[in-house]
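Using the sequences plus the hints, can you model the full thing?
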Amino acid sequence: MAATPLQTQTVDLAARFPSAVSVDARNGYTGWLVEKDKLLEIARSIKEELGYDLLTSVTGVDYLPEEKMEVVYHAYKTTGGPGLIFKVQVPRQDPIEIPSVTPLWPGVDFQEREIWDLLGIKFTGHPDLRRILLWEGFAGHPLRKDWKEGFYEEDAKPFKSRWPEGNYVSSEEKNPYKDNLSFPKNFDPEKWIPEGEAALYGALARYTETDEQGIKSDRIVVNMGPQHPSTHGVFRAVVTVEGETILSLKPVVGYLHRNHEKIGERNTFLLNMPYTDRLDYFNSMSNNFGYALAVEKLMNIPVAERADYIRIIMAELSRVQNHLVLVGMLLNDLGAMYTPALYIFEERELILDIFEAVSGSRMMCNYFRFGGVARDIPEDVLQKIKDLVFKRLPAKTDEMDRFLSENEVLVSRLKGIPVIDGPSAVQYSITGPVLRAAGIPYDIRRADPYGIYDRFEFDVAMRTHGDLMDNYLIRLDEIRQSIRILEQAVSKIPSGPINSQKPQYQVRVPAGEAYGRIEAPKGELGYYVISNGKPNPWRYHVRAPSFINITGLEKMCVGKKIADFIAILGVLDIVLGELDR
Amino acid sequence: MTNENLNSPGYEIPAEMSNLVAITTLDRLYNWGRRSSVWPLMFGLACCAIEMIVAQTARYDLARFGMEVMRPTPRQSDLMIVSGTVTKKMIPAIVRLYNQMPEPKYVVAMGACASGGGPFKEGYNVVAGVDKFLPVDIYIPGCPPTPQALIAGLIKLQQKIDKESIRTVRWYRKGPDSVNIPIPILGPDLIDPRRNAELRQISSGIETDKV
Ligand code: SF4
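These protein sequence lines map, in sequence, to chains A and B. Sequence positions in the first sequence follow this note's numbering and run 1 to 581. Sequence positions in the second sequence follow this note's numbering and run 1001 to 1211.
In silico contact screen, one side only, chain A against chain B (beta carbon under 8 Å); selected entries:
1) F138
2) A139
3) S182
4) F183
5) P184
6) D188
7) E190
8) V234
9) N259
10) E349
Covered stretches of chain B, as calculated for chain A (at least 3 residues, CB under 8 Å):
11) 1053-1063
12) 1076-1090
No wet-lab data here; the hints were simulated from the structure. Where a beta carbon is used, it is the ideal one built from N, C-alpha and C, also for glycine.
What follows is the structure, given as structure tokens:
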């Protein structure tokens, strides 16, 4: 398969490092294979000399048949343009070790921990290599292809026990424990000593301090979450505080780790579409979009013209709704309990009504298909969208702006409290509104356009201070820009078919790899999909903006007050479904 | 005395006092108070939690049923709406929260995930239904259930409360603590302390050692 234009290589790494780099010549693959020992050196040159400053995605792949493990890096320039993909391959023999690139890009910290957790690849030189999504003591690394879960039945769906006969089988009956469990042979639960969280607390800096007179004083460690009203779900942060000032902070995640990727690798390509809905459950439309892009790249198929417009309309409505909710929830966190949130939920309901009208479901839309969308927009719904876009939403946004943005309490809580500065944000691989509020106008819709975004007129919203206030205001800016795009899209939408392909349950996906990325409301949402020609993806990885944006959380919070941490978490706009996957 | 007798006192109120005196049973009074102010724990697990929040907002207005007071602390709440996927990593915390709630306490499993694992049932980190650990009163189907469905489920809960009697509810019984649940342990997989003997026995019988 020919490389699709977006992935065309622009730099010849092999010419620069003839002995250490070779072209990835596998069928359907692009990028460069880098020698493990030279990784750091080459990565430094990619970052500093070639200017690929934003390392967005790092993930591992288990090539079991070839007895290899691979780590894939996707680097981009914040000035825009296509990315650079480089990979390291190592033999699949424990211990599998690869040098960590955290010294160059601290933003890969959590991603490398995730790879260690799920695939068992050790990163030498990583400052704090603990499990991240599962707990210490868990048996095995679940994303390895030879690791089987308790309810394992077959490597790929549809399972023969149920299809095509349509039988019903309960997975409990097949498991010896009659439950979703698997234990090593001769396991004695009473003798098990849980590892607990010593490693976590050990990672917190400055736990005990000794002053000049030799008096030891303990810093207080506060656990926030996983059940806490302001953490937006089951997020947990362990904070060392002195008074109210944060000295050190470690996010603890994985409380909603529902094995999206393992399940995704058993599913057929199309079966994954409804699962993507449940990643960032506020924006199922955007999630569908990214996944559809990745698979369309692999299949090399066009998208129907009308569907292209529908996609943009849905993605932008979703963004408006997401940012509205963010503002409402942020105000909730700041203490303006419920009133602003009640107002914004009123608008959100109107947008959800549209989603329900076109897809049949309010939140879990499952609306995109490879090559188009599932259903057409009926005329009356289009009229409803027009009413919203031209009349109601702009007025309501202005109203919100008028009521909130100059409110004294809001201003004093938000203004001048830095979140992160531009260069550090890039280092920490932060994307989305948080990056743009720090003065870096990086928006994938412009930097590396997908869909038909290049046909619309809009500005990339940008603010320069990078404080909480800017993070709040940029959401309003983006709502306005989205409405601008929507106005053009609903006026120009052509008629015609809504899918370039015949509707089908099973799509044929040629072997190869693809990385589809979109500017989701929370940042860069990427899907890294590998097909080996079978009906199921060999590897299915989600680069979730929420997950990667919190890598810099400790840096953002140290030295600030606990109350600021709540607000920072509010503007980071995390969603646990996507963070933990 | 049977429950029937307890619930129909059998006293006639003289006509001249009928506006001043009401005679009822302890059960009815008790249930009426309970059902009209069920305070849910402010506790969201996953996607379903968003619909739970939406049920509180103006369009659906859960306040009509006395359930708008979401309490972030378990110590003040009567109802745990398990709104989302229950994972193995989270279940110790959920059980702990449940144990911390004062009686009477009710559990609603909202959505496919909480009821039985839902779309993620096969996942290695997913508990296939919160009822493996907590006694669930009401199951609400849906993925996610619409706010209307949630409200319908909560009305069902109210009907269930109406039928309760202080003589039979779990939490006023004698004997071993029937309300507290042992906290699961995170081992190589999730360990339910109530099943220790069973786990040991089965694991000695399995053929293969897991990687
Ligand atoms: S039932 Fe559906 S909507 Fe609810 S938590 Fe599970 S996946 Fe999410």
